[in-house]
Amino acid sequence: MRFRVRITRRDGIADPEGTTTAHALRELGYQEVTGVSFGRDILVDLDVDDETEAIGKVVEMCERLLANPVIEEFTVELLS
Amino acid sequence: MRTAVIVFPGSNCEHDVAHVLRSLGAEPELVFHRDRDLTGADGIVLPGGFAHGDYLRTGAIARFSPVMAEVERHAAAGTPVIGICNGFQILTEAGLLPGAMVANRGLRFICRHVLVRVESTDSVLTRNADVGDVLRIPLNSYQGNFVLDTDRLAALEERGGVLLRYVDEKGHPDHTINGTTIAGIANAAGNVAGVMPHPERASERLLGSSDGLVLLESFVASMAKLPA
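Protein chains in written order, with our numbering: chain A, 1 to 80; chain B, 81 to 308.
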């Protein structure tokens, strides 16, 4: 099974990449840009038959390693 | 005083910090991150560098290195533990210090001397300094922008957990260096401390500043269990 873990920055936590990119877009003339934020996608392949068990494991991986709860949030999506 | 200087794959400041600790009378030993035994260590240093290539997040993978269980046990038992730069990042990822690091405001890698003011002397890193001392120490990082949610940040400041703050030439708090004014913090017990600039690189006049010595002297005095 393949899962997509999407990590995003929590609201209110500084996102210097996003702020800088938003500034660059406005410099290019896109004045309507009010914000940009960065995240990351991580694809995780699992050799597990049970879907519920697999989701539970991926969520646990996010909580232990893949995301830092101080600054990040995550979602988990089953791709195939 | 036996001091374990932990070496992760990608650490690169272990010899510098060991050199300075030796000059201060400590007995530094380089300990590889796969070792699990820190028996007899009077203090622990997590040095600067790029542990595990900074992959995923700085410090995120190092925090699960086999040696870290022992580091956590020592930290809980009151052993002095300091993290410098990448070592600070590892301590936050491990939950031994609050907060996290994000990219510098302006997205620049910063490599220059900065000024930091001592805000609290209630820690293994600052006990020999005086509140108000301004130290000139090199900063060398890309992810040095300390962040913490508003409530926890207020609690950290309230309990005197902020040890060092970036200041400008006039002594005013300066967040324009990398986005935060916080350069060093400690846990509630004061035995675990992190500092973003490198005191070991400002420990001899030849290096342009010896202002960092007081921080490492504080650490050595803490290991020796000298009265504060």
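Derived from the structure by calculation, the hints contain no laboratory data.
Certain hints may be false.
[Unchecked claim] SDA-like cross-link-like pairs, simulated, lysine to any residue; straight-line CA separation at most 25 Å:
| hint | chain 1 | residue 1 | chain 2 | residue 2 |
| --- | --- | --- | --- | --- |
| 1 | B | 305 | B | 120 |
| 2 | A | 57 | B | 305 |
| 3 | A | 57 | B | 250 |
| 4 | A | 57 | B | 120 |
| 5 | A | 57 | B | 141 |
| 6 | A | 57 | B | 135 |
| 7 | B | 250 | B | 191 |
| 8 | A | 57 | A | 78 |
| 9 | A | 57 | B | 144 |
| 10 | A | 57 | B | 146 |
Computed from a predicted structure; not experimentally measured.
To see whether the hints hold, each was checked on the structure:
1. 305/B / 120/B: holds, 14 Å
2. 57/A / 305/B: Status violated; Cα separation ~45 Å.
3. 57/A / 250/B: Violated - the C-alpha atoms of residue 250/B and residue 57/A are around 53 Å apart, more than 25 Å.
4. 57/A / 120/B: violated, 37 Å
5. 57/A / 141/B: Roughly 18 Å separates the two Cα atoms, so the pair holds.
6. 57/A / 135/B: Between residue 57/A and residue 135/B the Cα gap is close to 21 Å, so the pair holds against 25 Å.
7. 250/B / 191/B: holds, 21 Å
8. 57/A / 78/A: holds, 12 Å
9. 57/A / 144/B: holds, 18 Å
10. 57/A / 146/B: holds, 22 Å
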